[in-house]
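In case you want the letters, here they are:
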Amino acid sequence: MKLLLNLCIIFCAKVCFAQIDSLQTDTIKEEDFSMYENFDFADEGAKRFCTPKVFDLSPAKLIWFGYDHQGGFDLSSDTLIDSDRTWSPGNSSFKGAGGIRAGANIPIVSRTNIVVQGGFNLWRINYSGAKNIGVNPLANTLSQNGLTTMGLMATVFKPLNDRRFIIAQGNADLNGDYQFNNIIPLQYARYSAAALYGIKTNDRKMIAFGISRTYRVGEINYIPIMLLNWTHINRKWGVEMLAPARAQIRRSFSPRKLLFFGYELEGNSYRILNNTELGLRHYELRRGELRFRFIWEQSIYKFIWLSVQAGYRYDYAFDVDQFPNDKEFFRGFFGNQPYKMENALGGTWYSFVSLNLVSP
Amino acid sequence: MRNLLFLISVLLVPVFGISQDAESDRLTGIWEPSNGKARVKIEKIGAKYYGKIVWLKEPNDPTTNQPKVDKNNEDESLRNTPLRGYRLLKDFVYKGKDEWSDGTIYDPENGSTYKSNIKMKDANTLEIRGYIGVEALGRTDVWKRLEVKK
Chain A
1 MKLLLNLCII FCAKVCFAQI DSLQTDTIKE EDFSMYENFD FADEGAKRFC
51 TPKVFDLSPA KLIWFGYDHQ GGFDLSSDTL IDSDRTWSPG NSSFKGAGGI
101 RAGANIPIVS RTNIVVQGGF NLWRINYSGA KNIGVNPLAN TLSQNGLTTM
151 GLMATVFKPL NDRRFIIAQG NADLNGDYQF NNIIPLQYAR YSAAALYGIK
201 TNDRKMIAFG ISRTYRVGEI NYIPIMLLNW THINRKWGVE MLAPARAQIR
251 RSFSPRKLLF FGYELEGNSY RILNNTELGL RHYELRRGEL RFRFIWEQSI
301 YKFIWLSVQA GYRYDYAFDV DQFPNDKEFF RGFFGNQPYK MENALGGTWY
351 SFVSLNLVSP
Chain B
1 MRNLLFLISV LLVPVFGISQ DAESDRLTGI WEPSNGKARV KIEKIGAKYY
51 GKIVWLKEPN DPTTNQPKVD KNNEDESLRN TPLRGYRLLK DFVYKGKDEW
101 SDGTIYDPEN GSTYKSNIKM KDANTLEIRG YIGVEALGRT DVWKRLEVKK
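Sequence lines, in order, name chains A and B. Sequential numbering of the first sequence, starting at 1, is according to my numbering. Sequential numbering of the second sequence, starting at 1, is according to my numbering.
These are computed hints drawn from the structure, not numbers from a lab. Not one of these hints is a red herring.
In silico DSS-like cross-links for lysine-lysine, where the CA-CA straight-line distance does not exceed 27 Å:
id, chain 1, residue 1, chain 2, residue 2
1, B, Lys37, A, Lys257
2, B, Lys115, A, Lys53
3, A, Lys236, B, Lys57
4, A, Lys53, B, Lys71
5, A, Lys61, A, Lys302
6, A, Lys302, B, Lys48
So here's chain A without its partners, still in its complex pose (with noise of 0.2 Å):
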């Protein structure tokens, strides 16, 4: 008896448990795949949907971390007039500008249907090493404080079907000249929007058109936009653009090595709060600036991509509005009503190193 129990024992083992190892190959043996060419969806009501990639785009970051640094420029600044006091007009300097620069992007929901991401970003500027800052209250704040941003960020990514998309992007901005012990009140964050509809047609192009409430170029400005991500039949080449904001030509050595050359127009209105003489009179500092660049982006360890970029800072906006009754106003470009100080930064070369982790 005792032995029929353990054959049985051991019979049932050998039915219920035996295993095979994990194939050590990716290679089948040769199989008629033309059977499959004519399968359908079980559900009746099923839909595809494209997706937000097209082959050889740049990785999405999902959380990153660097350096941002500009090499020495000058300040030139206009007349100040202000209800009890006039500043003259002067020119100060400095050796040079940067900070960290930190963000993350998450994907919250993930669907075929719909992409939402939400996130983050930080960026400090510190300016170093000035020169005459006393001729000028801007030049003085910008030494003793520098700028701070902090920000929040949604994107949502829908399919309306395997071609047509909707893109809405929302973020909202705390700029200033505030450090991370005295960071400044909500009601001076700042809003800026944009809208798109578009079509994919096929896995190497997808492009569409909208319009943008952006800070851009230091103020407010209502804009349209064009997205268009597009890569050469030889997979080598592509283009990644959403203008005006930024553009750029890639070129693919591998999916792990990408080079970069394009321009990136970055800009945001930021309150001058912390400075005793301007302080309390409502000024924000409308800074826009162009940087042409190239980007070296390299995979150094699977998810971790290394971004180097270098390049050129042009000045496009550094001047100063007073808000009446502290409510922000729309200029746009044709608007004249006058800057309270008009100030020019000169040029300078820049660099901006990063640390990313990438998303599938």
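Chain B: place on chain A using the hints.
Just chain B, lined up with the frame of chain A:
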């Protein structure tokens, strides 16, 4: 009597085992990722589940007019492996409650392998998540079951 009860309990093991297999084997079949560029056959080998490409929307490389190969693989010796027939889902184990995990998914577009798990939303829908390290840092793709055209 004791021996008889023991024998019965041992013989019931394969009964429950078969029920568990039926539940986990619902993963097998032909599936299509959301981009519609390929069809993947998921099959069971031993106690694990694997998925291989059995159809490509564009089977040939437009620059060479030859069948597409795994040219982006980090291992140079595998870069001539045909994509049709390539096993891109590996080592998934059924964990119960319509979930398979401990597997990996390979992306031939960039030659990267990600940790992955699979959830069956219904009999004809899978959510396949590929991630880096933690599940929060990843992306989910919805795969739909295919059947022979009627």
